[in-house]
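Enquirer: Just need the whole structure built from these sequences, with the hints factored in.
Protein chains in written order, with numbering that gives the first Met the number 0: chain G, 0 to 370; chain E, 0 to 122.
FYI, nobody ran anything at the bench for these hints, they're computed from the structure.
Among the hints, a few may not be true.
[Unchecked claim] EDC-like, lysine to aspartate or glutamate: derived pairs with alpha carbons at most 16 Å apart: (1) G/LYS72 to G/GLU55; (2) E/LYS3 to E/ASP47; (3) E/LYS23 to G/ASP160; (4) E/LYS87 to G/GLU196; (5) G/LYS205 to E/ASP89; (6) E/LYS87 to G/GLU250; (7) E/LYS23 to G/GLU161; (8) G/LYS205 to E/GLU91; (9) G/LYS237 to G/GLU289.
[What the hints assert, rightly or not] Simulated restraints on C-beta separations: (10) E/LYS23 to G/PRO356: 50 to 56 Å; (11) E/LYS3 to G/LYS165: 27 to 33 Å; (12) E/LYS23 to G/GLU342: 51 to 57 Å; (13) E/HIS106 to G/ASN312: 26 to 32 Å; (14) E/SER74 to G/LEU139: 31 to 37 Å; (15) G/SER207 to E/GLU15: 37 to 43 Å; (16) E/LYS3 to G/LEU139: 32 to 38 Å.
Backbone N, C-alpha and C define an ideal beta-carbon position, used for all residues, glycine too.
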Amino acid sequence: MIWDNKKKNNKIKPELWLYENDITIIRYLVDGLLVFNSENKLFLINPAAERFLEVEENEVLGRSVLELSSFEKFNPLVSMLGGGLEECFKKELVFSEEFILEVTSVHMRLEGERVSTLITLHDITREKLADRMKGEFVTLAAHQLRTPTSGIKWSLQALLDESLGKLNSKQKEIVQEAYKTNDKVIYLINDLLNVAEIEEGRYLKKLSLSNIEDLIESAVGDYREDVRKKNIKIKLIKPADSLPKIMIDVERLTLAVKNIIGNSIKYTLGGGSITISLFNHDKYIEVRIEDTGVGIPLSQQNKLFSKFFRASNVTKLDTEGTGLGLYIAKNIIEAHDGRIWFESEENRGTIFYFTIPVRKQYGEFLTEEFY
Amino acid sequence: MAKKILVIEDDKFLRELISQKLLKEGYDIAEAMDGEKGVDAIKAENPDLILLDLILPGIDGFEVLSRIKSDPSMSGIPVIILSNLGQKDDIEKGLKMGAVDYLIKAHFTPNEIVEKIRSIMKE
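Expert: If you want it as structure tokens, here you go:
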């Protein structure tokens with residue numbers, strides 16, 4: 000390789016290793032390219048980057064990061080990467096709705112020493128627009144489906160009431176099945192709307208300083224009837240000292256907790272038990288939800304949080320799941336800067352863990368990127 | 000005399016289902032299919048209770064509710080919101096504007112809606 004040959008000759012500065020040919024290729028690249036030298040001064044800028052950042056090569060070449068930040072379009076890029084030009088991978092830089100770049104920054108090293116920084120700028124405006132349109136389509140379609148599903152629910156209920164005439168037992172059974180199936184569609188529509196909101200990135204709406212014990216207690220309370228019907232024991236263990244209040248979106252986090260507990264109940268057989276415990280780790284609160292359920296097959300554990308995924312051993316047990324519950328839960332918890340993970344053994348049970356940090360401002364989630 | 004309920008709902012199928020149910024329960028029924036006609040119907044029919052959908056052609060349910068509550072001749076009539084919107088914000092907004100209850104269509108059956116109406120009219 001040319002580079003390797005040049006490397007042997009120590010007298011030549013690293014910057015000069017780029018050959019004419021390479022420069023020509025770089026000039027024609029559709030992605031923007033910036034190279035900074037070891038002193039973080041701009042050494043190379045290609046025409047695509049000039050266009051994206053609205054600068055001319057001759058006014059920016061050789062300038063330091065600090066100097067460059069005075070250029071309008073350069074400024075947000077410098078803010079994102081910091082004065083030391085930190086590495087990053089495919090980070091979104093939003094200039095406006097009509098202009099969004101995906102930025103990747105890599106430190107090029109020679110014998111462990113950083114000799115330059117390579118920054119690529121990839122225009123993703125169209126992709127983001129398509130994404131947004133997809134989200135809007137899902138939202139609109141789901142909303143439009145709500146009225147007819149309500150109509151179906153109401154008319155099936157009218158039949159089940161037998162106010163319009165008596166049904167024989169076979170007819171009643173079929174109408175009951177139809178009613179249940181329709182309810183499943185109603186839940187699916189709700190889940191789809193939640194997913195559309197997650198993917199539009201407008202997920203945390205109303206943050207307030209709240210007590211997570213109350214939230215979990217009320218979530219458990221909502222399942223009291225299901226738990227009784229299935230004959231499952233559910234226990235909530237709180238720490239001796241009361242937990243600090245945390246900044247959360249109560250409606251969203253309740254949904255996340257309910258999705259996790261709901262799964263535990265669904266996939267724990269009668270006679271089993273569920274234990275929910277809360278721990279205070281000062282910097283964060285940990286919630287543990289342990290069940291004696293059917294568990295998650297080892298080979299499928301890595302897909303558990305993917306959209307529309309359902310484990311093979313539960314699709315027979317419960318046909319109604321949408322495969323969206325844990326995807327939604329994970330997104331909500333991560334939007335709170337928390338983490339979620341689990342341990343599971345098939346036919347033994349599953350433990351879900353999640354954490355939510357204590358006393359933190361969440362401004363960054365409401366304003367996209369945070370530097 | 001039978002109590003009169005005004006159903007403001009743009010979807011014909013849903014309107015008929017709930018109206019038939021209420022008729023069967025012995026209520027008088029008046030119907031309106033959009034916000035503007037809804038407000039007119041309140042004045043003309045003087046109902047004892049209003050079932051109000053939120054997403055309506057023309058003026059929406061929130062606007063209808065605010066007109067009801069700002070007009071002393073109508074403001075005393077209890078309004079139950081019957082909507083597809085299930086967001087907490089919408090529910091809070093509706094209740095804050097003076098609705099007595101907020102029912103999400105997909106989660107309630109006509110039977111449960113009748114129960115709500117009964118309890119509100121204290122029959």
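Enquirer: Any of the earlier hints contradicted here, and which numbers?
Expert: Checked against the structure, no hint fails, so every one of them is satisfied.
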